[in-house]
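Protein chains: 2
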Amino acid sequence: MERTKIAIIGMGTVGTGVAKLLLDHGDRTARHAGRIPWLDKVVVRDITKPRDVEIPEGVLTDNLDDVINDSEISVVAQLIGGIEPARSIMLQLLESGKDIITANKALLAVHGPELFDKARQLGRCIAFEASVAGGIPIITNIGQCLTGNQITSLRGILNGTCNFIITQMQETGASYDDILQEAQKRGYAEADPTLDVNGADTTQKLSILSQLAFGVREDWERIPCMGIDTLDIADIHFADRLGYRIKLLAVANLVDGEVEMSVSPTLIKKGNPLAEVQDAFNAVRVRGDAVGPVFFHGQGAGQMPTASAVVADIIDTVVGRSQITFNNLELWSESNRPISMADANHTVDRYYLRMQVIDKPGVMAEITGILGNNGVSIASIIQHKRENGSSSETVPLVIMSHETTHGSIIHSVSEFTQSDNIESQAVVYKVL
Amino acid sequence: MERTKIAIIGMGTVGTGVAKLLLDHGDRTARHAGRIPWLDKVVVRDITKPRDVEIPEGVLTDNLDDVINDSEISVVAQLIGGIEPARSIMLQLLESGKDIITANKALLAVHGPELFDKARQLGRCIAFEASVAGGIPIITNIGQCLTGNQITSLRGILNGTCNFIITQMQETGASYDDILQEAQKRGYAEADPTLDVNGADTTQKLSILSQLAFGVREDWERIPCMGIDTLDIADIHFADRLGYRIKLLAVANLVDGEVEMSVSPTLIKKGNPLAEVQDAFNAVRVRGDAVGPVFFHGQGAGQMPTASAVVADIIDTVVGRSQITFNNLELWSESNRPISMADANHTVDRYYLRMQVIDKPGVMAEITGILGNNGVSIASIIQHKRENGSSSETVPLVIMSHETTHGSIIHSVSEFTQSDNIESQAVVYKVL
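These protein sequence lines are chains A and B, in that order.
Counting with this note's numbering, you get residues 71 to 502 for the letters of the first sequence.
Counting with this note's numbering, you get residues 71 to 502 for the letters of the second sequence.
It is worth saying that the hints were derived from the structure and are not from the lab.
Treat the hints with caution; some may be incorrect.
One copy or two, it doesn't matter: identical chains are merged, so the pair holds either way.
Said to hold, decoys possible - The list that follows gives simulated cross-link-like pairs (lysine to any residue, SDA-like), each with its CA atoms no further than 20 Å apart:
id, residue 1, residue 2
1, 90, 359
2, 75, 398
3, 500, 418
4, 90, 357
5, 90, 183
6, 500, 490
7, 90, 220
8, 255, 477
9, 500, 307
10, 500, 213
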């Protein structure tokens, strides 16, 4: 059987998983590729470091040029995270004639246009199934399987760390900080989890999916984003009593030729499959105008689920499917008329509001007055009792609105801050 | 933009949907294909029949030769159901050099080996995403996206009509016969629903998925199959009280190098995503050794979901992905060592048993004795009371077993039939 020489750059968690699949299950990959995807080189910083996988002699190297200068290596899995040196290496690899597989969503979200243009110029391709929701083949499903459709909406739970933390808060009643520490101890959260918990990771993934599904070419940092790092256990409890769970939800909806996009903690009715996504799992719900709703659920991260996506991309690239897909998708291409992101202020949603208010007559009238003046119609309002033994003068007030614009809610909240009867900033979450 | 001429054979529900997508959304398909999939011919039996879609002049024909003899038509969506003339037309199309898209699972389940061999000999390809679970791209997901994995198990709700009937029985408490009549009135069930409700349709789909996932080359009629046509509302109620829902479940598990396969009404714990699949929806749960569990949910049938799958296949074929996939999958190929179907008697499952027994002392001892002698261990046993006012001498006895082999259960049930204290045949369903 013929061989196609491939290389891996970076032997972190995912790189190690990919090497395991290629080395331990070469028969499998060969059967699906019709030839042997032959792991010829693995580039690492320190070749003396102990590894979880036995790399055959002569494969491990700390010299990128061993790959760059070997014209027989045509397919490279570039598995270094972060922006640099990942970007420079990617450009070098493209220039030396390699087709590339990557799992690096930050790099694509930030430098997608540059990298994809470069690949197109050079007649190369970039495959990136592993960059979003590792264990769910969502890139291929949107970019290939649902091409008979106009995608009209996309909703995803795309960050396993956040979903793990929220699930644990829900189940144990412990605070965000306590659960985060526990997650870090158990290896479910990074030592520096900032990009996970502040929503940046989810937003980068949403920007990739939105480019794919709608052709939105928008700086990911302009997508409205709220993380879970300010999530209060109180809101999980109040949501629970109302029949909802809170999830960090990425949303993109096609409305009047523009795409509404956001990432934020969102109340989702129990029983909705998205509300039932537990622990570090991911889920994506796509709606197409022909197919209707399609729901995907799987492991979002982790060594082997992500390696599964990378190896599928390796096989697709070895057999030539990736090249066809890459050429036809024209992602981040100048030749496509980009679809605009809609003005977030006009987005219509239902909202959950929670604020601490002084427990005295007239306050409710003041709050409902402000909402009414801003055109926000109230679905329910619950003033909770002061907790037994609490010396606080304030009580929590929870409001569920009917559908209203984001702008109206933001106006209302800014007026709340001017009232002496409302303590601190109101919590504002969307309701799905 | 260049054109690829395509043809549709058959303008039933699905053919009409495909024509709609190609004619009304040509911009969309062209964007994804990088060229125009041009609907050049539509072959029907009666060109005078009124259609739901406006077919441009010169496209409609009742002469298959208009397609066969036009060497510029290279891609054909063959959307005629049943075995003949679908099979002969398919062979003719292959011989005249066409790549084929089909939604015909019965044809593939019965004549897959012949058709795939013929296509391989002639250097042509067959794409069949629409043949299983129309709105769920399960064929591409297994055949392409999860190729880094050994699939270890596969569970599916694959027949929308059955799931609709069961859901309605569950919700309304009406009998199978009443719901079926209602479903037929509303167009959810065929005038002759035999192949749906007796499980044949589900079994044919399972045989296709098992060929794809495991390489099982087994006559679909040898797969153990029980339909929902004997499903009693009483069992739905008893299951419900025990915390389960009954679904018509297709199962394939890789065990010791063989594949256990079956289609049968199965008790699934509430909360399990498969238990929550409602109405005419389909769902598939695939487990891969790298990716873990991946769950898919979508519309299983219907005009536009199925058309969505056909059009994705048309685009895949026009751009050349289908050809690559077809060549590498080697489905039903003589060159593959086929994996065997396991002996159903050795399959280990938990079981639900329900029988009508004479309400007198000693009966319980007799039944538990028979089960014990056959090595069946009991998890719970509930002897329900005689209904108020019932003059029947018998009462329902419901038993949940621990894990046991199918053979042990079958032995036990055959011994039950010899007892004077047990009325009629015991109902035996698997428990997931």
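- Item | Copy assignment of residue 90 with residue 357, given that the CA separation must stay at most 20 Å | Intra 36 Å, inter 18 Å, cutoff 20 Å: inter-copy only.
- At 20 Å max between alpha carbons, let me know whether residue 500 reaches residue 418 within a copy, between copies, both or neither. Classified as within: same-chain Cα gap 10 Å, cross-chain 46 Å, threshold 20 Å.
- Task: Since the copies are identical, ignore which copy is meant and state whether residue 75 and residue 398 lie within 20 Å (CA to CA) inside a copy, between copies, both or neither.
- Result: Close across copies (18 Å), not inside one copy (25 Å); limit 20 Å.
- Indicate which option fits the pair residue 500, residue 307 if close means a Cα-Cα distance not exceeding 20 Å: within, between, both or neither. Cα proximity of residue 500 and residue 307: one copy only (16 Å, versus 38 Å across).
- Within a copy, between copies, both or neither: where do residue 90 and residue 220 come within 20 Å Cα-Cα? between (38 Å within a copy, 14 Å between copies)
- Message: Treating 20 Å as the Cα threshold, decide for residue 500 and residue 490: within, between, both or neither.
- Response: Answer is neither; intra-copy 26 Å and inter-copy 63 Å both fail.
- Task: First find the shortest C-alpha distance between residue 90 and residue 183 inside one copy, then the shortest across copies, and answer within, between, both or neither for a cut-off of 20 Å.
- Result: Answer is neither: 32 Å inside a copy and 34 Å across each miss the 20 Å cutoff.
- Message: My question is about residue 500 and residue 213: at a cut-off of 20 Å on alpha-carbon distance, are they close within one copy, between copies, both, or neither?
- Response: neither (29 Å within a copy, 38 Å between copies)
- How would you label the pair residue 255, residue 477 (within, between, both, or neither) given a Cα cut-off of 20 Å? Neither, since 41 Å and 48 Å both go past 20 Å.
- Message: Regarding residue 90 and residue 359, is the shortest C-alpha distance of 20 Å or less found within a copy, between copies, in both, or in neither?
- Response: between (40 Å within a copy, 12 Å between copies)
Checked against the numbered hints above, the structure breaks hints 5, 6, 8, 10 and satisfies the rest.
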